[in-house]
Amino acid sequence: MKYTEEHEWLDDQGGIVTVGITAHAAEQLGDIVFIELPEAGSEVSKDDEVVVIESVKAASDILAPIDGEIVEVNEAIVEDPGKVNEDPEGEAWFFRIRPADPDQMADYMDEAAYKAFIG
Amino acid sequence: MSDLSRTVFYDLHVELGARMVPFAGWEMPVQYAPGVMKEHLFTRESAGLFDVSHMGQVILRGPDVAEALERLVPVDIVGLAEGRQRYGFFTTDDGGIIDDLMITNRGDHLFLVVNAARKEADLEHLRLHLPEIEVEELTGRALIALQGPKAEDALAALNPAVREMRFMDVADVELAGASCWVSRSGYTGEDGFEISVPNTMGPRLMRALLESPAVQPIGLGARDSLRLEAGLCLYGSDIGETTSPVEAGLNWAIQTVRRKGGARAGGFPGADRILSELETGPARKRVGLLPEGRAPMRAHTALFAEAEGGAAIGEITSGAFGPSIERPMSMGYVPADHAMEGTTIFGEVRGKRLPATIAPLPFHKPSYKR
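Read top to bottom, the protein sequences are chains A and B. Just so it is clear: in the first sequence, position 81 is 81 by the UniProt record's numbering, and no numbers are missing. Just so it is clear: in the second sequence, position 179 is 179 by the UniProt record's numbering, and no numbers are missing.
Hints may be right or wrong, so weigh each one.
Unchecked claim - Only pairs whose alpha carbons sit at most 20 Å apart, straight line, appear in this in silico PhoX-like list of lysine-lysine:
{"no.": "1", "chain 1": "A", "residue 1": "Lys-83", "chain 2": "A", "residue 2": "Lys-57"}
{"no.": "2", "chain 1": "B", "residue 1": "Lys-38", "chain 2": "A", "residue 2": "Lys-83"}
{"no.": "3", "chain 1": "B", "residue 1": "Lys-369", "chain 2": "A", "residue 2": "Lys-57"}
Stated by the list, open to error - Now the stretches of chain B that chain A is said to cover, found in silico as 3 or more residues with beta-carbon under 8 Å:
{"no.": "4", "stretch": "26-37"}
{"no.": "5", "stretch": "291-297"}
Hints were generated in silico from the structure; no laboratory data involved. Idealized CB from N, CA, C, for every residue including glycine.
Generate the whole structure from the sequences, applying the supplied hints.
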């Protein structure tokens with residue numbers, strides 16, 4: 001598992017990377033009420049705004065952590081955005097991406113580094 | 001955050017797990033552990049306890065104080081009976097709103113509750129225009145609100161006299177040993193009470209109320225979504241110096257005695273504009289908006305008549321997700337000819353124009369005890 005400074009987690013399973021937000025991020029956002037996901041099949045570049053999250057407090061963007069093709073999105077969290085508060089690092093993943101360049105993940109933090117990062 | 005004021009409940013908020021944020025110069029609880037959504041729903045089904053001590057409490061004393069205050073508000077104060085409260089607003093010379101406030105007749109004086117961010121401006125306004133009136137800011141009293149269907153039972157456990165009160169009644173009531181001024185009113189669309197309590201007795205009263213399992217502390221986050229569902233204006237967002245009370249749909253707060261043909265018509269700042277708008281209708285109106293889908297349309301979202309082209313016709317002034325109505329909701333201003341209920345207009349969210357329908361306010365029906 002890898003983590004970004006944008007509080008995303010990346011889980012690489014056999015060349016397909018599942019992306020979600022961390023429990024820390026979900027806690028900071030507060031109750032999530034709206035999620036807009038990218039289209040499956042779309043090509044994205046690192047730092048593209050691919051997901052919009054609205055919580056009771058504010059809107060925020062999720063940036064694509066790597067270049068690649070979105071192969072699957074989690075429609076269940078669009079139907080019930082509250083799932084992201086309940087299980088952000090499990091059931092409530094956001095999208096799956098096929099990396100164009102797997103080396104882009106190398107710079108991201110491991111779990112220990114992320115824990116140190118959020119203090 | 002050293003320049004921020006703290007209410008007498010600060011230590012209690014921290015003990016209760018509040019997340020404290022700066023708000024209008026004060027460190028206030030925005031939410032507790034359950035979070036905004038659960039706190040909102042709890043208030044609608046039980047009783048929520050709010051610290052609103054940041055709000056200004058002001059006493060006006062002097063000869064003919066009711067007539068005097070009528071020089072600054074378009075509200076019937078002379079006809080306000082002792083022990084009754086009324087909503088009102090200070091108006092500007094060109095018919096805008098300096099602040100909105102609650103006004104109580106407490107017999108030999110008037111008691112005002114004003115917005116925290118406007119308190120200094122209000123005090124200056126009162127002292128400048130009512131030189132014969134003694135204007136006293138009460139810094140020795142805190143203010144809490146107990147709101148929700150179980151508020152009456154929870155407060156009656158401390159003093160059953162509150163059961164006799166009706167919406168907008170005000171009474172002196174002893175609660176947990178404290179001499180309190182209690183009004184049956186609030187800012188959530190629920191039945192409930194606002195309680196002015198001496199600072200020294202405040203935390204003890206709050207702890208006594210929290211002993212009931214029906215009562216939980218609620219932060220400012222849920223206070224905002226509750227008031228928006230109830231269609232109530234937030235000063236600085238939905239009303240301000242550039243909105244008239246008639247544009248804001250606050251006509252109900254201007255009694256007939258202060259309107260054209262009334263015994264004490266006019267005589268307040270901006271009366272020309274406000275009274276003629278009452279007769280001819282304003283050019284733009286505050287409306288409720290229900291966005292389609294789940295995306296909230298927040299404050300400052302530009303509004304358009306058409307899905308494509310054309311200039312903006314207005315702007316959203318408050319917008320959030322409504323936990324009780326389970327959908328996003330907004331309020332904003334549109335030209336009068338676009339204000340009819342059922343009209344579809346478009347809000348521009350992240351570069352896309354999304355449809356929203358003009359809807360009646362409030363979004364959630366209030367349950368005041370009249």
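Hint-by-hint comparison with the structure:
With a C-alpha separation of about 17 Å, the suggested pair Lys-83 of chain A and Lys-57 of chain A falls inside the 20 Å cut-off, and the hint holds. For the hint pairing Lys-38 of chain B with Lys-83 of chain A, the CA-to-CA distance comes to about 14 Å; that is within 20 Å, so the pair holds. Note on Lys-369 of chain B and Lys-57 of chain A: the hinted pairing is violated, with a Cα-Cα distance of about 31 Å set against a maximum of 20 Å. A stretch counts as covered by a chain when three or more of its residues have a beta carbon under 8 Å from one of that chain; for the stretch 26-37 of chain B and chain A the count is 4, and the coverage holds.
Proximity of the stretch 291-297 of chain B to chain A, defined as three or more residues with a beta carbon under 8 Å from a beta carbon of that chain, is established by the 3 residues found.
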